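Visitor: Both chains come to you apart, so use the hints to assemble them.
What follows is the residue order along each chain.
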Amino acid sequence: MITELIVSLFVVAGGIFCFAAGMGVLRLPDLLLRMHASTKAGTLGSGLILVAVAIAFAESTVIARAVAAILFLILTAPVAAHLIGRAAFRSGVPMIDDTACEDGVTEALRKRPAERHPEDATGPATAHVEPEARPEAEAGTPATGGAPRKAP
Amino acid sequence: MTVLDYAVLLGFVLVILGVTLATIRLVIGPTLADRIVALDMMTVQLVAFGGLAALQARSAAFLDVAVVLALVGFLATVCLARYLERRILLSAEELA
Chain G
1 MITELIVSLF VVAGGIFCFA AGMGVLRLPD LLLRMHASTK AGTLGSGLIL VAVAIAFAES
61 TVIARAVAAI LFLILTAPVA AHLIGRAAFR SGVPMIDDTA CEDGVTEALR KRPAERHPED
121 ATGPATAHVE PEARPEAEAG TPATGGAPRK AP
Chain B
1 MTVLDYAVLL GFVLVILGVT LATIRLVIGP TLADRIVALD MMTVQLVAFG GLAALQARSA
61 AFLDVAVVLA LVGFLATVCL ARYLERRILL SAEELA
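So the sequences go chain by chain: G and B. Residue 116 in this note's numbering sits at position 116 of the first sequence, with consecutive numbering throughout. Residue 21 in this note's numbering sits at position 21 of the second sequence, with consecutive numbering throughout.
Chain B on its own, in the form it takes in the complex (with noise of 0.2 Å):
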């Protein structure tokens, strides 16, 4: 093992404990806010480790998964955050 395959691991593991933490936040989230931005960062980190997987595998291919989630994953968090502020205006229409 050369040491760009030990800084790859080592990089697998760090990426991996960001992710943890952010599911945990998503999980323990106590407003939905909380939890579309979970979910952001983790599409983010997930980025990473499309990065990290094409260093792997020797590979290219995997930078293409990483260009994806970026885009599915900005739509997702513009979707996630539209309903956020829609759901504020559908509620305040139904009490009023």
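Next up, chain G with everything else stripped away, as it sits in the complex (with noise of 0.2 Å):
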């Protein structure tokens, strides 16, 4: 009975966690705000439900099953966070008018495919070379670590 009580407890909580996520996407004003409802409200709700699966069936199984869901989702949430919001902020999505932004973090994300283009240019000018030069350009630009070192 208490073990039901508390099961309850969970399960509402989470759903009520879970539609804050849904209506925080759907009402704010920003596409970075919208990603702080669901990635933190979403993964809270979804969480506590599982918590309230483990302490439902309280069995091994169950609960190491549970728990590898919630270690997954608590693992993966800011790393899908950080993706989407830097592809985003590449893309130059529209922020409200209040959001602050670091010196120099614009310039450094958003001109980099223009940046790329003199050091082509500087690059081995042979026609022979310049195949292989470019798709090594390409496999190099996703990481953050090249020309935000280069550029000042």
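Be aware that one or more of the hints could be misleading.
For the chain G half of the interface with chain B, some residues (derived, Cβ under 8 Å), not all of them [as the list claims (entries may be wrong)]:
1) M35
2) S46
3) A66
4) S91
If you're looking for bench data, these hints aren't it; they were derived computationally from the structure. The structure displayed is predicted, hence computed values, not measured ones. Virtual Cβ for every residue (Gly too), placed ideally from N, Cα, C.
Guide: So this is what it looks like as structure tokens:
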């Protein structure tokens, strides 16, 4: 009986957080704010419901699966949010007026493709080498290491 | 019906409302990034839905659905984000 009440509490709390996440994704004014709602509230809601499942079944296999799912959600949510946020910022999504942005970040992130062309031009100019250099440059672009270090 | 059944029903209602709101954002989202965020959150909420289904059916098999949905949802989000980023690079290359 006590277990049932605790499970019910977790389920309702998780449902409320999931609803709040959906409300945030729909109503917040800005892509980054919407990501704030979806990443944190959504993960918390799903995690609470999975905790409720683990408590309700109280078997070792179910608990292991629920914990694995929660760990996976918690580990992957920041990675996914970072990827979406970086791609969205580079694509220049509109942001609300009060958004603060550190000096140089916009230049470093958004002007990367234009910056790369002088590099290609100063590289080996032989027609024989250039087809090789191009896939290498493309493979190197997603890693954040290269160009911002050279930029200043 | 016990308290737990009512709680699970309420949880279903709330999660489905959340998915519906995210679907509205998916349809009206002004940019592709908004749609990716909405899809990502819908996947996370479907994980919660799988957990609720496991509770209602009293069968742990639905938990596997939740785990697999979490894995596939992460991969889908990563692929879509990479596509968004590559699309910028490719279009910039075409313009130049």
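Visitor: Against this structure, judge whether each hint is valid.
Guide: Taking the hints in turn, this is what the structure says about them:
1. M35: holds (5 Å)
2. S46: holds (4 Å)
3. A66: holds (6 Å)
4. S91: Holds, because the Cβ-Cβ distance from S91 of chain G to chain B comes to roughly 5 Å (cut-off 8 Å).
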